[in-house]
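Engineer: As a plain string of letters, each chain reads:
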Amino acid sequence: MISVNLLAMFYLISGVLFILALRGLSSPETSRRGNFFGILGMSIAVVVTFLSIGNFSISFVYVIAFLLIGGSIGAIIAFKIPMTAMPELVAGFHSLVGLAAVFVAISAFLNPDAFNLGTIGNIKLASLIEMSIGAAVGAITFSGSIIAFLKLRGIMSGAPITFPGQHILNLIILISIIGLTYFLCTTQSSSLFWTLILISFLVGILLIIPIGGADMPVVISMLNSYSGWAAAGIGFTLENTALIITGALVGSSGAILSYIMCKGMNRSFFSVILGGFGGTDQVAKSNSKEQKPVKSGNSDDAAFLMKNASSVIIVPGYGMAVAQAQHALREMVDTLKKNGIKVSYAIHPVAGRMPGHMNVLLAEANVPYDEVFELEEINNDFANCDVAYVIGANDVTNPVAKTDPQSPIYGMPILDVEKAKSVLFVKRSLSPGYAGVDNDLFYRENTLMLFADAKKMTEDIIKSF
Amino acid sequence: MEIDPFVFRLSIFILSIFVGYYVVWSVTPSLHTPLMSVTNAISSVIIVGAIIAALAGKGNDIFNQASIFGYLAIILAAVNIFGGFLVTQRMLAMYKKKKK
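Protein chains in written order, with numbering that gives the first Met the number 0: chain W, 0 to 464; chain P, 0 to 99.
Don't read these hints as lab results, they were simulated from the structure.
When the alpha-carbon atoms are kept at most 16 Å apart in a straight line, the in silico EDC-like pairs for lysine to aspartate or glutamate are as follows: (1) K95(P) to E28(W); (2) K96(P) to E28(W); (3) K462(W) to D299(W); (4) K294(W) to E417(W); (5) K97(P) to D369(W); (6) K123(W) to D3(P); (7) K306(W) to D385(W); (8) K97(P) to E363(W); (9) K95(P) to E363(W); (10) K306(W) to D333(W); (11) K97(P) to E28(W).
Examples of chain P residues toward chain W, derived with CB under 8 Å: (12) F12; (13) I16; (14) V37; (15) S42; (16) A65; (17) F68; (18) Y70; (19) G82; (20) L85; (21) L91; (22) Y94.
Where is the CB? At the ideal position from N, CA and C, for every residue including glycine.
Isolated chain W (complex conformation) (with noise of 0.2 Å):
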């Protein structure tokens, strides 16, 4: 048994390794360093917590057996998963995190003694209502990440669900939250409390249907937010220092994260809340331009423009994602190198299904970290360069945005592709992306399209060289 003040200081150690954990991200050098921190801190969170409860019966050991029982799930799945279902993993994570405070939540309503909190119908003010937003939010990021999960994973569609009356409804549902939260805290009644829950629930799956597959990045990014506040909100009831510090920096990154996102559509975090982008009339208005000419080319084509080439940027996005392409487009590159072309990639920061998705699928096909460029960085670079290579990315690179103020994505900063001297994209069709808006690259003199899946292409064009 250890004092409640030494167990204090422990926390408080756990705390600063997890702020050590994030700081060691800001390099790849330093990250698995950071990593090592994270883990530290963890290790000891929970070493001092069974050393100050001191109660080493019978239920010690069950603690320990669902403790390894837990961990090798989550050991399996950290060592099978693909690194191209990384999002759906993310949010399958988040869901976890929500539903464990949605437990611990109950829990302490259920059993407020062991936490100090008060006795049954008689659990502290201040409790309840931190006891209420933990498991309010914690019950949000579970349903919610349920939704990405299963809209990533492809088992719902990836479009958006809309319905009359959707806000007004979330926005009752939202007023009756708090009017529930206040009448729980005046009659600490249990019926009310789980009341609590379902809607929350509801609230989480109302929040994201709406919300169209590209726009995930953001929805994973804010749902990770959400799971650090309904940590934070946990940490104060059971006046945890470590979950207080740790929810509180996991609330901001995952806002910060969505902020990025959002920057990076030019869109507001409320238009991607509020949902429906992508919907069916922005497609209707684009369908009278398919008459335009477009070149059309084949793998010796492209292989033929790129040996000729000096420089290559490669344009990534999540067609090549899909396409799982990324090993061969890392073949073909060597090759490229091989001859003395310079290649560097450019990711644009939404490519993909969530932060930094691109550049971890290239990490995996062992693309060297430095040639890996964002958008500030490589943008002015397209001017100089002799052929961009786009695999699977589409609205990042349509010149609308800077030159229709009529586009919906006008005003998204783009890679400017068009700049280079040729553009090969490849496409399976010319269908329009997910923001419904014709892209004006593909009748541009300068580029030729590839129609081919994105990995078959690259590998056709290995063999053309």
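Using the hints, position chain P against chain W.
Structural biologist: Below, chain P without anything else, positioned relative to chain W:
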């Protein structure tokens, strides 16, 4: 009059938000995916609450109504802790510099 301990916790919370803000802005964009998986892992420190809840069941009453939720939360959080840290480790191991 003494200051309510809640105020201290609130101070820690607010200051941590600022720490988080500055630390996360310094994270390089190429590591945003590992950032998400590691924040996932560390937010599972909620397991300390789960452990307290689970161990509150005593004697013949190990699995009572309250502690059972604690045990369930332990499983969920443990999946996240091991899964989160290990998958982060796996990703970070892939980030390599150009061979000179």
